[in-house]
Each structure stands twice: as C-alpha cells, then as structure tokens.
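Build the full structure now, drawing on both the sequences and the hints.
Top to bottom, those sequences are chains S and P.
Per our numbering, the first sequence starts with residue 1, numbered consecutively.
Per our numbering, the second sequence starts with residue 1, numbered consecutively.
Just so you know, the hints here were simulated from the structure itself, not pulled from any lab data.
Here the structure is a predicted model, which means the values were calculated and not measured.
Check the hints yourself; a few may be wrong.
[Said to hold, decoys possible] Computed footprint of chain P on chain S, listed as stretches where at least three residues anywhere in the stretch have a Cβ under 8 Å from a Cβ of chain P: (1) 188-197; (2) 233-241.
[Unchecked claim] Think about it this way: if two alpha-carbon atoms lie no more than 30 Å apart in a straight line, the pair counts; the simulated BS3-like pairs of lysine-lysine are: (3) P/K198 - P/K124; (4) P/K265 - S/K265; (5) S/K178 - S/K124; (6) P/K192 - S/K124; (7) P/K198 - S/K192; (8) S/K84 - P/K192; (9) P/K198 - S/K198; (10) P/K124 - S/K192; (11) P/K192 - S/K198; (12) S/K124 - S/K198; (13) S/K192 - P/K192; (14) S/K192 - P/K84.
Every residue, glycine too, gets a C-beta built ideally from N, C-alpha and C.
Protein chains: 2
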Amino acid sequence: MAAPRPAPEASTGELPVALDAMGGDHAPGEVVAGAKRATREYGIPVVLVGAPEAIGDTGGLEVIPASEVIAMDDDPASSVRRKKDSSLVRAAEAVRDGRASAMVSAGNTGATMASALLRMGRLKGVVRPAIATPIPQLGSHPVVLLDAGANAECTAAMLVQFAQMGAAYSSARYGVEKPRVALLSIGEERSKGSALVKDTSALLENGVGVDFVGNLEGRDLLHAEADVVVTDGFTGNVALKTLEGSLRFFMDTLLAVFAGDDEAKQAAEVMLPRLAPLAAEFDPDSVGGAMLLGVNGVCVISHGSSNEHAIVSALRVARDLAVGGLAARLGEAVRPAA
Amino acid sequence: MAAPRPAPEASTGELPVALDAMGGDHAPGEVVAGAKRATREYGIPVVLVGAPEAIGDTGGLEVIPASEVIAMDDDPASSVRRKKDSSLVRAAEAVRDGRASAMVSAGNTGATMASALLRMGRLKGVVRPAIATPIPQLGSHPVVLLDAGANAECTAAMLVQFAQMGAAYSSARYGVEKPRVALLSIGEERSKGSALVKDTSALLENGVGVDFVGNLEGRDLLHAEADVVVTDGFTGNVALKTLEGSLRFFMDTLLAVFAGDDEAKQAAEVMLPRLAPLAAEFDPDSVGGAMLLGVNGVCVISHGSSNEHAIVSALRVARDLAVGGLAARLGEAVRPAA
Chain S
1 MAAPRPAPEA
11 STGELPVALD
21 AMGGDHAPGE
31 VVAGAKRATR
41 EYGIPVVLVG
51 APEAIGDTGG
61 LEVIPASEVI
71 AMDDDPASSV
81 RRKKDSSLVR
91 AAEAVRDGRA
101 SAMVSAGNTG
111 ATMASALLRM
121 GRLKGVVRPA
131 IATPIPQLGS
141 HPVVLLDAGA
151 NAECTAAMLV
161 QFAQMGAAYS
171 SARYGVEKPR
181 VALLSIGEER
191 SKGSALVKDT
201 SALLENGVGV
211 DFVGNLEGRD
221 LLHAEADVVV
231 TDGFTGNVAL
241 KTLEGSLRFF
251 MDTLLAVFAG
261 DDEAKQAAEV
271 MLPRLAPLAA
281 EFDPDSVGGA
291 MLLGVNGVCV
301 ISHGSSNEHA
311 IVSALRVARD
321 LAVGGLAARL
331 GEAVRPAA
Chain P
1 MAAPRPAPEA
11 STGELPVALD
21 AMGGDHAPGE
31 VVAGAKRATR
41 EYGIPVVLVG
51 APEAIGDTGG
61 LEVIPASEVI
71 AMDDDPASSV
81 RRKKDSSLVR
91 AAEAVRDGRA
101 SAMVSAGNTG
111 ATMASALLRM
121 GRLKGVVRPA
131 IATPIPQLGS
141 HPVVLLDAGA
151 NAECTAAMLV
161 QFAQMGAAYS
171 SARYGVEKPR
181 VALLSIGEER
191 SKGSALVKDT
201 SALLENGVGV
211 DFVGNLEGRD
221 LLHAEADVVV
231 TDGFTGNVAL
241 KTLEGSLRFF
251 MDTLLAVFAG
261 DDEAKQAAEV
271 MLPRLAPLAA
281 EFDPDSVGGA
291 MLLGVNGVCV
301 ISHGSSNEHA
311 IVSALRVARD
321 LAVGGLAARL
331 GEAVRPAA
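Pasting the structure below:
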C-alpha cells in the first residue's frame, strides 16, 4: 500500500462512508478502531451504523442507530427480510437515501449482498451483481477475479456483464488503461471447457467492449497474463478458497519447520525479515476487501476476520471508488452498444 | 513411498503392464528407463508400446510395435480415430485383448482417455469414466479428487457414480476401510452450492453405498476431513491446477529468497534439508499419476513431464491395482442395490 497521504482539505459536503459497526468476528472493537484511524490518518468521513451502546466511544463519529445484528451464520435472505433494523440493512439504506457515499461490512457476506441488492437496487441493465475479489500479483497490481461467489449458477450473458464490469473496475481501482480480460477454463484452447465457457468466449470475441485475451487456467491465477479473470460464482469461489487454503497451508508448514529446532530458529531469524515483504503483498488485510459490482452504489465486503488495519483498507477503497464514480462507470460499461 | 520390496518370485503367468513408450515430454528416454528400473527393482513385468527404432535398447523387455505417435497437442478424439497404429491406441488394445493387465501413459491426457474408452470400453453400468487424482495430505494417505477433468459437464447421477468409484478406489489403493466421501462446494451448509451440488447431495444422503460426510470447500483440500472429494470435471480441474499453481508459486518464491544474498544462502543450507521431506510428500512424481476410473481395465495417466522416477511410480500403481482387481471392484461399487 502507498504511504499515508496527507489528510485532505476540509472535505466540505463529502458524504461519509457507512460502516457496519456490528459486522465481523472482531466487531465492534476493531471495526470502530478502524473507522477512527481512517478518519484521523486519511481524512475519510465515516458514519458508524449499529447499536450506540455496543459501539461505545465513537471518537466524535456520527452514528446511525440500528438495534439488530445479522449474525455470521444467519440465513442471508431471510435475515435481511426479518431484521429490518439491522446495521447491515441500515447501512445499505444510508447509501440508497443519499446519506452515505458507500457501504462497508465485514459481516455475513450473503446478507451484505442481499442488503445491498434489496436496498440500493441493481444498476440499470445489470442482470445480476457479482463479487469482485483482488488476487495479489508479485510486483504488479492485483488481478480482479469475478464472480467470487455471488451467483452459483450463471449464464453466458451474465459472464459478459461480469467481464464488462470487471474491466471498468480494474480501470477505476488500479488505473489499468485497457484491462485484459480472460476466462477461467480447463485449458487455453478454445475447444476445451464447459458449454458456459465456450458460449461466453464466443460472445466476448464478438465486440462487447472488452479486450478479451482468451482462456487461462487455475495454475495461472498468481501470475496471470490478464487484469480481469471472469468465471461463474461457483468455480470462482472454489478457486479463490483453494488459493487461500494452499497459501495458508504452505505458510503454516514453513513456520512449523522454522520453529522445529535451534538451528532452524536461527535460520528463521535471517529468513523472516526477507519473507515479510512478500507476505505483506499477499495479506488479505491490505487488499481492501471484495466489491459487489452491479448494485447502484459502492459496497465493499471485507473478510469476516477483519482487524483495524483491514477496516482502514476497506474504507479507503470504498471512499476512493465512491469519489471516482464507480457506479456510473459500471453502468456505462454494461450499456449495450447503440 | 515404501522402501523397494524384494523382487517377487518368478511372476509366472502375470500379464505385463503396457507402457506407452512414446508418450510424454521425456519420451522415449525417461519412459523406457523407468520401465527397465521397475522391472529390475520391483519385478514388474512391462511391455513397451512404440516404434522399436525410437525405443532403441529395450533391456530385454518385450515390445508391441506401433508406428504412429499422438502428440501432446493433437486433438484427442480425432487423433485416436485417425492414428490407429499409435502407441496409445495399441496400448489400450493390449489391455482389451488380454495381452496386458493395465496401461500407463504420460502422453496426451485427452487421447489417453479416448483410447482407453474406445478400446477397453466402459464398465457395465458406468455412465462416464472420471479422472481420479491423488491430493497429498501431510502425515496421511492422499485424498482422491474426482473428476479432475474428464467431463466438463456432469449430472448428479454421474457424480454419484464418481462417489462410488472414488470410494472403491480409495479402498483399493490406500486400504481405507470405509472411505469418507465429501462434495466440493462453496460452503459447508447444505443450502449453499449449485443445483448440481444440491441434487447430488440429496442422492448421496439417500443410501447409495458410500459414507457421505457432507460438503467441503476449496480451502480444505490440503487437510481434508474426507478420503474422497467429488466434483464435476470443470471445477475439479480448476481446483487441482489452482493448487498446483499456488504450491509452485510458493516454492519458486521461497527459493528466490533463499538465493537472494549470502546470509540467505547460509540459512538455506540449514532449511533445505528440513524442507526436502515435505517437498517429497508433494512431489507429483511420487504419487503415481492419475487414474481413469470407469473403463474396463486399469489406465494410469502420468503427468506429461514424467521422468524415470514418475514412470516407476506409475507402473507400480498400475500393477498393484491390476493385481488387486480394481476394475471388478469398481464395477461392483456402481452396481445398483438389488
């Protein structure tokens, strides 16, 4: 991440980011701490959403009161319908009502999607919103993978929109001028893959406003020759969790070997400072969370175990993209050619 | 892997394993070397299939001549139809004709499947064969993942058969008495996943002769609470390649850091011998290759970059499973309850 930028001029009139103070494994403590730090260090206006008595000291931040909490294991659809005064639903309403520029939650992912979808609504023309997740790349900007799990079943038309929105998002977030879009498949050859991949590939080649560079495989995800990787939400979720699981497995295994005996511990003292910068590049707390693309507003989904640092990252991303007009850019991207 | 066992008594009457001498990036050199070593060290009878002039010195092994070669990038279906005198097709015919107990190839995966399917045929009752791939687990026997890529499109009925065959294979290969079978999904809850996962889950709970333990996620693959993981061939292939890619990425990154400066090089001298046994557990050359389950015979698909050691592993697996009557056990597993 870049060094802290100077606090901006008095942000007159800038809408705050609505932060679900009750969502996540470490809420409200770490979440509220993140809000305070984001305001202090980056000048980001934040409004906390939740039960004032649970939040405690707000450090002067405004609060939108909400008496209910959607738990991590609540059923998404029914809890959003039932808990109308939950922090998640109220955060989404704040965006809908023009009281906030964006929403951020580290809570129940499904319920965050449902709240955003039901309260903000979809962007005009978007069939289904998708979760876009950054996959870190050594020495380069992250690759955007979507759909990372919003839609277990997809059509080719949906995947084309994911390609369009993913490209617009890559430009907005990472400044990529002409994002290269690839389809995740089981072979680079066009003859391989599911019917969904082949149908989508045919559509993407047909001039839908994205730079389609062909298929790539699971083994390419950490050094992708693309800026955006498109897939259905089932495959995307499996791939992403496989990636996370194997990197975590490898780290744990390495640390166990480092702790194995005295000689190894000495070697670890040499190695760990050299490995730390690499580990930081892959730290999910630094990448700023996933984004729900296709709703009428900015919605950042931070991971459930978010700490203060992760919340700061998520707030920075949410604010930057709201200020940059992400929703309008996505709406433009999915508009059919005249 | 276990220590070399003593060469068995004269294997009177034991059929040889048919080895595609022309298949793989290092064929025929490493492939033929592997055959010689498997025979010498493990007493495994092998018949080489390929062009005698390319094979050269056979070390006394029998050869089934085949004048054609299916290249790694040939189209599987059409090359198998066209190249009737190819080493792959002739190897499959040797099994069909009772001249060999099993076939092994490190060549074109799709063409290996097509040869086995067209020449050996399917086991009675099997809708579609599947590729079963071992995923190493630290300190335990590998988990069997299937389908790893034979069928990009699957039905729930196919996945039930994969579960049945996978369980029989886990028993035959790793001696697991009552293999636990899991479905790969995007959440452990039964409410999550694609329609295919939900339909399959309902069927597996309904008494199809396997111990179904529920859904697991991509992040569980390297420490799975299951012996068999069932999925469609598209998802399975993406997951497996993501796993391979991230492990390779981590290894490459670690080795680069180890080579970075003199102090790191010294630390590497301490660490590498401690990491080597772990790396060996994950060495694809040692796991013996993937298996095509559901054809009427034993067919081992070794990876394209197989060296001598990988070929020896593949031949050992092929011979053990042929002697153990794998095909009959699989046929029994998919038979509907009377």
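Consistency of the hints with the structure:
| no. | hint | result |
| --- | --- | --- |
| 1 | 188-197 | holds (count 6) |
| 2 | 233-241 | holds (count 8) |
| 3 | P/K198 - P/K124 | holds, 27 Å |
| 4 | P/K265 - S/K265 | holds, 15 Å |
| 5 | S/K178 - S/K124 | holds, 24 Å |
| 6 | P/K192 - S/K124 | holds, 28 Å |
| 7 | P/K198 - S/K192 | holds, 26 Å |
| 8 | S/K84 - P/K192 | holds, 23 Å |
| 9 | P/K198 - S/K198 | holds, 25 Å |
| 10 | P/K124 - S/K192 | holds, 28 Å |
| 11 | P/K192 - S/K198 | holds, 26 Å |
| 12 | S/K124 - S/K198 | holds, 27 Å |
| 13 | S/K192 - P/K192 | holds, 27 Å |
| 14 | S/K192 - P/K84 | holds, 23 Å |
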